[in-house]
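Student: Chain residues, written in single-letter form:
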Amino acid sequence: EAGVTQFPSHSVIEKGQTVTLRCDPISGHDNLYWYRRVMGKEIKFLLHFVKESKQDESGMPNNRFLAERTGGTYSTLKVQPAELEDSGVYFCASSQYYRTGEKAFFGQGTRLTVV
Amino acid sequence: SQQGEEDPQALSIQEGENATMNCSYKTSINNLQWYRQNSGRGLVHLILIRSNEREKHSGRLRVTLDTSKKSSSLLITASRAADTASYFCAIIGNDMRFGAGTRLTVKP
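Residue numbers (my numbering), protein chains in the order written: chain A, 3 to 117; chain B, 2 to 109.
Same shape as in the complex, but just chain A (with noise of 0.2 Å):
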């Protein structure tokens, strides 16, 4: 079974342009979570996508900060225009079934350098 796969692995962008990230859940998980951490402090939450929808986005940042999830299946988030805060790594996690907390899997990151 192939498990949560991100990419791009690292992106280095220049402040005010745009980049996109990818998450591929685990086929058939309805959770996904977006999570970014910066400079070994916390694990921040982003949002929670319950199949295509949004369960709770309250920790976007701001409104640079845009996630879709396409037909229940894979997400994107896209900053635009990038900031240098914007730098760290980006997690995307998913789980089975919504309310019931199981595990969940994560990517390996997307790590986003704003220089």
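Just so you know, the hints here were simulated from the structure itself, not pulled from any lab data.
Treat the numbers as computed from the prediction; the structure is a model and nothing was measured.
Worth double-checking, as some hints may not be accurate.
Reference listing, derived: stretches of chain A covered by chain B, where coverage requires no fewer than 3 residues with Cβ under 8 Å from a Cβ of chain B [what the hints assert, rightly or not]:
#1 50-64
#2 107-115
Computed spacing ranges between beta-carbons, pair by pair [stated by the list, open to error]:
#3 B:R51 with A:V40: 25 to 33 Å
#4 B:T106 with A:P63: 27 to 35 Å
#5 A:Q19 with B:R61: 42 to 50 Å
#6 A:M41 with B:S69: 30 to 38 Å
#7 A:T7 with B:R81: 25 to 33 Å
#8 B:G41 with A:Y76: 21 to 29 Å
#9 B:A79 with A:E54: 40 to 48 Å
#10 B:N19 with A:K17: 30 to 38 Å
Note that CB positions come from ideal geometry on N, CA and C, so glycine has one too.
Since the structure of chain A is already known, use the hints to place chain B on it.
Tutor: Here is chain B on its own, set in the frame of chain A:
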């Protein structure tokens, strides 16, 4: 916020010793999970304890949960150098929230 808070932030021990990490949270939970992250890689699920459970074991791992104190602990017994990693508790309510983790270093 249902974010977990781990302590200590960093822990350094000798191989063979036990390592204990703690997690506190503020709201009611569905369950609590512990994850491990090796440098530069994604998080890996270690163990899950439900809100009606008090203790759980998995190999060298022992997790306790005290819902009255809103706290959990992760004990790794007979630690090995390969246990060196960051450990996070995940608070599961309506979603899944993490803290800053505990950085464990096991010296050979």
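Student: State for each hint whether it applies.
Tutor: Comparing the hints with the structure gives:
1. 50-64: Result for this restraint: holds, n = 3.
2. 107-115: holds (count 5)
3. B:R51 with A:V40: 25 to 33 Å: Given range 25 to 33 Å: holds, Cβ gap about 31 Å.
4. B:T106 with A:P63: 27 to 35 Å: holds (32 Å)
5. A:Q19 with B:R61: 42 to 50 Å: Holds, at about 46 Å.
6. A:M41 with B:S69: 30 to 38 Å: holds (35 Å)
7. A:T7 with B:R81: 25 to 33 Å: holds (30 Å)
8. B:G41 with A:Y76: 21 to 29 Å: With a Cβ separation near 23 Å, B:G41 and A:Y76 satisfy 21 to 29 Å, so the hint holds.
9. B:A79 with A:E54: 40 to 48 Å: This hint holds: roughly 46 Å between Cβ atoms.
10. B:N19 with A:K17: 30 to 38 Å: violated (47 Å)
In the structure shown, a violation is registered for the earlier hint numbered 10 alone.
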